[in-house]
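Trainee: Chain L: place on chain S using the hints.
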Amino acid sequence: MNLALPILVPVLPALGAAAGLATGRRHPGLARPLAVLPVAVSAVLALVTALQLGTGATLDAATRLAPTGGPEISLALHLDGFSSLISVLVGLVATCVQVYSTAYLKDDPRYPSYAALVSLFTAAMFLVVYSGDLIVLLVGWEVMGICSYFLIGHHWETADARSASLKAFLVTKLGDVPFLFGLFLLGADAGTFRITEVLRTAADGGLDHPTLIALLLLAGVAGKSAQFPLHTWLPDAMAGPTPVSALIHAATMVAAGIYLVARLLPVFLLSSAALLVLAVMAAVTMVGSALCALAQDDLKRVLAYSTVGQLGYMAGALAAGDRQAAVFHLVAHGAFKALLFLTAGVVIHAAHTNSISAMSRIDGLRRRVPDAYWTMGIGLVALVGLPPFAGFFSKESVLTAAEHAAHGEALTGTLGPASAVPAAAGWTVLVAGLLTALLTAAYATRLWLVAFHTGPAAPVAAPADAPYSPEIDEADPAHAEPAAMRWPLWVLAVPTTGFGLLGLRTDWLPRLLDGESLRPGTETMVLGTGAALIGLLLAYAAWRTAGTRAAAGQPATDPGRLLLGPLHGPARHGFGVDRLYTALFVRPTAAAARLVRFLDRAVVETYVRGAGAAPGWLGRAVRFAQTGNAQGYLSALLAGAVLLAVLVAVGS
Amino acid sequence: MHLAYPAVLAVLLFSVGVYGVLARRNVILVLMSVELMLNAVNLNLVAFDVWLRDTLHAGQALTLFTITIAAAEIGLGLAIVLLVHRTRRTAAVDGVTALGDRHEADTEEVAR
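Residue numbers (my numbering), protein chains in the order written: chain S, 1 to 652; chain L, 1 to 112.
Excised from the complex, chain S in its bound form (with noise of 0.2 Å):
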């Protein structure tokens, strides 16, 4: 086929945002086109490139880029369902977002700068999706780090955004030098960067150090994908514009470390340790962020808790050894996590708002914003999972996964033994999933009764010291659903709705990925099913009790607070994960800086002044002789040359 077309998905929106940087300050007229058209036009060629492709198929091209001496680097292209779908799912968000941001961002003066990053943050990721080279997946990698950093950043005026930025930075690097070392030693004990390569020599058991390397790996996936314990940044990273949370922060970028692991699973499958590690971390990141997100009272915050844990149930498919059904939530998830958040935003536009709580005390919120509250239902129930909804299917093949890899009879295909997946790993992630399962339904249904069924009549109280990410905005709530900012929930409640289906034919989704079933068996279902819709009517339930409780005269509550009972204070704090990172790593990273500044301050200048300040002492003595008495220069000179002259005759 011809190789034009995927190389230009990722080059179009790069020079795209390559152009809106250098015209948008003269032309802002240029920045709407600038944004829409490369993005949407490489969506285009991504689902092209798809069709042409195939079911089954793989495309590999490459030309080497810099001979190193030890294990070359090229531009290395690999193409095969996993990558084709995920373009198109990155292609179908990123062009649902410029075409929303328009609209959204329709009153910011930095409207350009920001539709060029976000372009340039597409590029990265369409890079990342298609690279079969490790050190080029690498650059996409932290291209989409530093465009995540800028993005969080938007508002700088804030000190919040800014703080957050610094903190999204910081934590995903911390990953990253791990990574980087994982991909060194990958590459050293391979002999190649390039991944079909690499998965040949691990496929031939050619790998010296598969649980080291797959360890550091998971390092950097933990700091990206935003899990347990490298998660933090995530909730506070919705200080960003909310286009930039549907598309970064819930749909890609967060993605792209399952994408990864997905990539070189036959690699993590060489090391069972490293599977329990995955699960282990998977578990403990999905039930603590549902927790979370049950308390939470920034509608931001609830979805962004919610996307952590939607990770976890990726990576917990991953550490059962099923990458088909990992890439299948991945893609169902980033539809409705995408609708999601584009749906919150035009909330927040229509309430003036992130505080659920407070939107609860606005009177006929939903008749304000028809749309964004039929599309955040549709979202929602996906989110839940309750069929046929893209989430169901997507869940319930995460815990047929789980199921089986607890059985020993793990869904590992062609990658490698089902023995390789250690039972534990898929007890854990069964547990965990159905237990999220039922916090998932209850924070759903939570956020979408207090937000829109609760009425003045009995409001909720918002807690005193809830984490809150406001956003700056200047939006008319009376045109708070333009038609640019409508469409696109619109567009991307079809895959939200439909996605699930193609998984039901053995012909259709699962032909496209490793060929196994994509079918959620009958014991999973009927258990995470029934988990959900004991969640729903658990958080039902609160919220009647709530509601007759503010009738009868008491304190408002909220329904997050009777379900959760005890644990509703740490939840809201995120468990304090927070404040002992702050008490761990920051105090004494800030008092060795406060030492080196004491010792750079007392001990390395006092030598530099004192440089300076000796010949300056000289000089001012020097000064001294200089009277201006024409007669004292000449007493001085002809002392000089008496001294000279008795010194040259006593010499001689």
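No wet-lab data here; the hints were simulated from the structure. Here a beta-carbon is modelled for each residue, glycine too, at the ideal position from N, C-alpha and C. Certain hints may be false.
As the list claims (entries may be wrong) - Just some of the chain S residues that point at chain L, by a computed CB distance under 10 Å:
id, residue
1, Arg623
2, Phe624
3, Ala625
4, Gln626
Mentor: Coordinates of chain L only, in the frame set by chain S:
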């Protein structure tokens, strides 16, 4: 005539000149002392020229040059003295010290 007489006379003349240059306050007297020193040198030149029996009489020729230069120098010197006297109303050497480093505050300002 023995060389010692003119040499001693030249030393005496030069010493008187040095004393005048270093000790007199009046600029005119300082200039005259400079002339004394120059003439001590001239005397030496002539005396040594004779004593060395130089066929080219380089010493005497150099003396003529020195006299000319001394005349030019005294002319310039007197002109400067006149100008200083007109602008500053003084002819004292130790009264003209404007180039000295006495304006502490001003120089500090410039250094910054």
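Trainee: So, for every hint listed, does it hold in this structure?
Mentor: So, going through the hints one by one against the coordinates:
no.	hint	verdict
1	Arg623	holds, 5 Å
2	Phe624	holds, 8 Å
3	Ala625	holds, 8 Å
4	Gln626	holds, 4 Å
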